[in-house]
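Residue numbers (UniProt numbering), protein chains in the order written: chain A, 1 to 236; chain B, 1 to 236.
Treat the hints loosely; a few may be bogus.
Sample of chain B residues facing chain A (criterion: CB under 10 Å; computed from the structure) [to be verified]:
#1 L15
#2 Y43
#3 R48
#4 T51
#5 I70
#6 S71
#7 F73
#8 Q74
#9 E75
Here are the simulated lysine-lysine pairs, DSS-like style, with alpha carbons at most 27 Å apart [what the hints assert, rightly or not]:
#10 B:K99 to B:K115
#11 A:K92 to B:K50
#12 A:K173 to A:K159
#13 A:K159 to B:K217
#14 B:K56 to A:K92
#15 A:K159 to B:K50
#16 B:K50 to A:K173
#17 A:K159 to B:K197
The set of hints was computed from the structure by calculation and includes no laboratory data. Note that the structure is a prediction, hence the values are computed from the model and not measured. Think of the CB as a built atom: it goes at the ideal place given N, C-alpha and C, for glycine as much as any other residue.
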Amino acid sequence: MDVSSGDLNAPHSMGTTIIGVTYDGGVVLGADSRTSTGMYVANRASDKITQLTDNVYICRSGSAADSQIVSDYVRYYLHQHTIQLGQPSTVKVAANLVRLISYNNKNMLQTGLIVGGWDKYEGGKIYGIPLGGTILELPFTIGGSGSSYLYGFFDQAWKEGMTQEEAEQLVVKAVSLAIARDGASGGVVRTVTINKDGASRKFYPGDTLPLWHEELAPQDSLLDILSSASPEPMIC
Amino acid sequence: MNNLIGSDADSQRTLYPYVTGTSVVGIKYKDGILLAADMGGSYGSTLRYKTVERMKSVGKHSIIGASGEISDFQEIMRYLDELILYDNMWDDGNSFGPKEVHNYLTRVMYNRRNKFNPLWNSLVLGGVKNGQKYLGTVNMIGVHYEDNHVATGFGNHLSRPILRDEWHENLTFEEGVKLLEKCMRVLLYRDRSAVNKLQIAKITEEGVTISQPYSLKTFWNFAAFQNPTVGAEGSW
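Chain B with its partners taken away, still in its complex shape:
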């Protein structure tokens, strides 16, 4: 059955993504980690799917957020579910924390890259274990690092400058959410593949919660937006 379901002959090739998710933004805050991502699945320039969950919990201590090809993210979730299952089967009182999961993902992503058959994703991995907060990222070429705030895609260019300016140690939950919403609003204005339906995920020592989907208000009522081409007709 195996060689009917998948062919070995074609794995030596870089592919291209079809259904993609855009930015994921993550920050450390006082009690743990906050992640934000919209629910869009784009198909080229079409905003085709608008209720795609791009953040999922991994075991008891971690959450993963993914941008890039959604089918590859779904496959990564299958790998992670298997990883956690085998971890649980040891039944030894120990469970994989975010550091371990991030390391596993890094090896998977880098090894696929070396075979010219990448999983076309940029991932954010966050979690808390034994009071230690962890926030890292890994992408399709295997580049990986940890930081107090991370983002993928457009988030790197638009959100991280905001975070560099306004993030500080010991943000409260409310401050953290407001900060992420500021980042997501900028992405909504300036990223063509952004969709106005997002979720915020929180992970603390207690566990993971992923918010229900919601939408952000946007602001268009600036004087400068009213008649921008007066005196320069034809410009924009």
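The shape of chain A in the complex, shown without the other chains:
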């Protein structure tokens, strides 16, 4: 009788689409912005790309709580590591710290992570750390529930040695396609591009994204359509 607005006591989970892509000179990380509690969208503008250091960021998927706590611990350790080392930590060290926590607590954690960054030794690098704590250094990787819809897309669209613009466009297009089909992904597309010049954030609200199959251009109101010259607005 009572239409449930979703199980509000369900754990916050980021259904999510997350992507990490290397290009010639750095990396591009991308994500959607939907955090759901059961069927309710708890946050429609989340930021799933979290900073670990000046030169390393992490994309979070799965349980919001688990991914936040792992990021917080790694940020804390990396901060100390940077002080002790006397220079920015490498992406590899950051990724391995994430792996350590994910692997040793595999029974309790439910979070898939993508670590991406730039350091002066290896340049731009992406590391995928799925459930279980496997660590894999990859030219690109996708994660989250929305990623299911992107395997075919990337098999076809990914190329080695893209420019920064090409890589960013690819990531935005991919997240946007995943949002179109995955109920657990939505909102805006956020990207972070990291290279020798540092990290820069971009924000792509829904109206700047391309329209896909069966999607219509948004209107203010039906009234605008009716009052325009087109002969077809009402069908009997």
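Given chain A, put chain B in place with the hints provided.
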């Protein structure tokens, strides 16, 4: 730091695997051991990662091939690297051969099994030391044995019958490779988690070589495949 990175409270539990590798096949041949494994890392039914190295060298005299949970294999490699490091630190002119490594692995796997916290892998361990060839296997419950040919997973059911029929003492390298490729092709046809990108590893008294990744041709042009349901529509 230790109880933040890992918790003791949760180690008393059998887990489930997330990212898994499929069969490994190994045979003795004239000059040493040959191992074959594909480069797939499956995530349930999704063929998620296609460039996972599931065979690695261990010290100077051994190679290990792993199926099962990749994060546990990565942890096993850390244990083995430490084992070999300590062996080298003795600096006594002696080095662990495949027999010793296999025994160490067996103890690790069996003891984890007794604590209900297994490393979810089936391992193949092969090597040559002082002219003696060695090929063994050990799995997550601690079952271990040596033989002239071994396999894990589906390989046990599909490859070993072929090997029982066609393996013989003193195979040449070419014969050995052809035999392994025959086994891997059958696995490619009949194992859903197989991926068409494999490596073959060779170990002889001289040392270890692991081939670059390559793909096998498959054969579909049989008359019986053309119209299999003629006369029995709806069947398959």
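Practice task
Mind checking the alpha carbons of K159 (chain A) and K217 (chain B) for me, to see if they're no more than 27 Å apart?
Solution key: 24 Å, holds
Practice task
Return the status of the interface hint for T51 (chain B): holds when the least beta-carbon distance to chain A is below 10 Å, violated otherwise.
Solution key: 8 Å, holds
Practice task
Please work out if K159 (chain A) and K197 (chain B) have their alpha carbons no farther apart than 27 Å.
Solution key: 19 Å, holds
Handout entry: Agreement of K92 (chain A) and K50 (chain B) with the hint, judged by alpha carbon distance not exceeding 27 Å
Key = Holds, at roughly 21 Å.
Handout entry: Closest C-beta approach of E75 (chain B) to chain A relative to 10 Å, hint status
Key = Holds, about 7 Å.
Practice task
Using Cβ atoms only, decide whether I70 (chain B) comes closer than 10 Å to chain A, and label the hint accordingly.
Solution key: 4 Å, holds
Exercise for the section: Tell me if Q74 (chain B) is really an interface residue toward chain A, meaning its C-beta lies closer than 10 Å to one of theirs. Expected result: Because about 6 Å separates Q74 (chain B) from the closest Cβ in chain A, which is inside the 10 Å limit, the hint holds.
Problem - Per-residue hint verdict: S71 (chain B), partner chain A, C-beta under 10 Å - result: 4 Å, holds
Practice task
With a cut-off of 10 Å on the beta carbons, see whether L15 (chain B) makes it to chain A.
Solution key: 6 Å, holds
Practice task
Starting from K159 (chain A), check that the Cα of K50 (chain B) is at most 27 Å away, please.
Solution key: 16 Å, holds
Problem - Closest C-beta approach of F73 (chain B) to chain A relative to 10 Å, hint status - result: 9 Å, holds
Handout entry: Supplied contact hint for Y43 (chain B), tested at 10 Å Cβ to chain A
Key = 7 Å, holds
Hint compliance for this structure: every hint is met.
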